Amino acid sequence: MRMGSFAAALAGVALSAMAALAQQPIKPAVVYDKGGKFDKSFNEGVFIGADRFRKETGVEFRDFEPANDAQIEQALRRFARDGHSPIIAVGFSQATALQKVAAEFPDLKFTIIDMVVELPNVQSIVFKEHEGSYLVGLLGAMASKTNKVGFVGGMDIPLIRRFACGYVQGVKAAKPGAEIFQNMTGSTPAAWSDPVKGGELAKSQIDRGADVVYHAAGGTGIGVLRAAADAGKLGIGVDSNQNGLHPGKVLTSMLKRVDIAAFNSFKAARDGAWKPGTSVLGLKEDGIDWALDEHNKALITPEMKAAADKARADIISGAVKVHDYMSDQKCTM
Amino acid sequence: MSAAPIDLPRWADVALVPLVSVAAALLVAGLVVVGIGENPLEATALLLRGALGSAEGIGFTLYYATNFIFTGLAVAVAFHAGLFNIGGEGQATVAGICAAVACTALGSVPGFLAAPLAILAAAAGGALWAFIPGWLQAKRGSHVVITTIMLNFVAATLIVYLLREVIGKPGSMQPETPDFPTSAVLTPMHRLLAPLGINLPATPLNTSFLLALAALFAVWLLIWRTRLGYAIRTVGANPRAAAYAGISPAAVTMIAMTISGALAGGLAVNEALGVQHRLVLDFTAGYGFVGIAVALMGRGHPVGVGLAALLFGVLYQGGAELSFDKPTITRDMVVVIGGVLILFAGALDGLFRRLVASMLATGRTA
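In order, the protein sequence lines correspond to chains A and B.
Be aware that the first sequence starts at 1, since it is given in this note's numbering, and climbs by one per residue.
Be aware that the second sequence starts at 1, since it is given in this note's numbering, and climbs by one per residue.
The hints are simulated quantities; they were obtained by calculation from the structure and are not laboratory data.
Note that this is a predicted model, so its numbers are computed, not measured.
Even glycine gets a Cβ: it sits at the ideal position worked out from N, Cα and C.
Fair warning: there could be bad hints in the mix.
Unchecked claim - List time: in silico DSS-like cross-link candidates among lysine-lysine, alpha-carbon distance up to 27 Å:
| # | chain 1 | residue 1 | chain 2 | residue 2 |
| --- | --- | --- | --- | --- |
| 1 | A | K100 | B | K169 |
| 2 | A | K203 | A | K172 |
| 3 | B | K326 | A | K55 |
Unchecked claim - Label pairs and their in silico Cβ distance ranges:
| # | chain 1 | residue 1 | chain 2 | residue 2 | range |
| --- | --- | --- | --- | --- | --- |
| 4 | A | R52 | B | G111 | 44 to 54 Å |
| 5 | A | I48 | B | K169 | 29 to 39 Å |
| 6 | B | V154 | A | D107 | 45 to 55 Å |
| 7 | B | K169 | A | D309 | 37 to 47 Å |
Using the sequences and the hints given, assemble the complete structure.
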């Protein structure tokens, strides 16, 4: 008995020693986009994922919010010089800087989100936003009584047109005759943080008959969701789960799990399983999803849920192909 | 600058008052740092070490200082003519557009000509954008403060349109041009000095810093050693007396604004041709406005402008290092510290002039 428990204890020690061996000591770091850490959307998602890693593993991470373009490269290089790895670069605007710094420090691991950088020590994570947009488009069309739905984009770039194109395809799949109003807030980065204009665009779409409005506009979208809620219509959130912003007035949210991407990158590095290369996260990889929680469960009927589940299964199996705007810069719908 | 209502000895005016302002600003900034629970002395040490403690830190500090020298000089030259040019941002933006267009057109020009031509294009763009308000002021009496700041918005809209529709990189997520041809961009300092056996870490510091130093000297020559400079100062001090003396205030106004705009174009030279090697939106990043503070603090004199530019360079680079090392001091805190400095050195200048004057007066009577 004594012997048995001793052996068990020994085995336990050995196991934990092995686990400790398998875990690499890492010094992770994050360089945010110029939008800043607490933007209620994209950057904050990365922070939440990194913070979850810190809480679960006790491994501290460093982070930095660049104030101008020169500081992006400076921060990446400083983290690299201090031996931080993996270093997560958030957003497509860091690609040029990361390309330089990653080449200078070939022994360190870098991860970039929303952009592809092809270097042997860089992991690129991009998302299939069109797949998630398709699902919320499907749900939005089914929830619409007027058969008119709206889309408000942030800055007019191919990435946001990819959201719009997926959404249009989803709407048409549910109701081929539905009318879709599309607006972009602007053509500069200021379009990510203009909730007043976002609200006005949503209002004009609602005035034309839209009763569901989807936004892919970062901070601008807060205004879109509020305008929809104020008018008694439905909004659709993006990136993070925004259902709770106006409970009962947000149909659902298209989730882009940057938090999981950040968490997994750190975790893989710790487990020694980190790999460079491009990973494209879609519905299949759980990188993209739609939100169903206590705030919107009354809005989603069993038929809608069944339709969304079927569409998800069809996209994963390949039976339904959602056209990616960025593959040919076209949306033929 | 307008004549001071309080007479001070020259040494007090050029050295003591700015020093007192900076000291007061640092004191208040220190209180803010205490307020968020950090040690201000440690923060100051980190800031200084970050800005001046390593070759890399110095490189970044001088890179920022290059921007401030150009924008500070731009404001200073206009000041001497009694004009308040707050359009440095817009002038630099148009300078960047002209440099970008020149670079695309200059692909086949041999290297030793391409960079100087691109720099000239930048200067011409800035000069043009400042000439418009200069002409409006001289011929139509439209105040430059209004017209320059309005033209900032026009320039900001123009660059958006051009980057989106005309000169931008097709299919890019960011509004930016393709990379400039390598012959047109300026050499980074670390590469320039490497053949001489001086090994510097890679920083954004490039040959436009030398250009900035040359500009400091050239402005000193212009303002205090030439006939035109005398005319500029005369018009600035008293336009009616200048007209009586046979100097045309209208002509001087236009010339001074044009020179001012060309100097503001230096910001585009450093940022677009020297560092980013392409034209991106918002590359001016507020440097044009900080130039006003630099010129005020530097008393419009090139030596003062150079020192004030260095101070702001230290603040920008040291501030970045500070927020890097102290997560509680965010980048917004660094903006607060810079703002306090501008407030004390620029806006509250009169406060300390009076204080210094009364202190000196007591000293004399005692």
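Hints, verified against the model:
Between the alpha carbons of A:K100 and B:K169 the distance comes to roughly 20 Å, so the proposed pair stays at or under 27 Å and holds. At roughly 23 Å between alpha-carbon atoms, A:K203 and A:K172 fall within 27 Å of each other, so this suggested pair holds. Between B:K326 and A:K55 the alpha-carbon distance is near 21 Å, which keeps this suggested pair within the 27 Å criterion. Between A:R52 and B:G111 the Cβ separation comes to about 52 Å, which falls inside the hinted range of 44 to 54 Å.
At about 33 Å, the beta-carbon gap between A:I48 and B:K169 stays in the expected band of 29 to 39 Å. The hinted range of 45 to 55 Å is satisfied by B:V154 and A:D107, whose Cβ atoms lie roughly 49 Å apart. For B:K169 and A:D309, the Cβ-Cβ distance of about 41 Å falls inside the hinted range of 37 to 47 Å, so the restraint holds.
Violation of the numbered hints given earlier is absent; every hint is satisfied by the structure.
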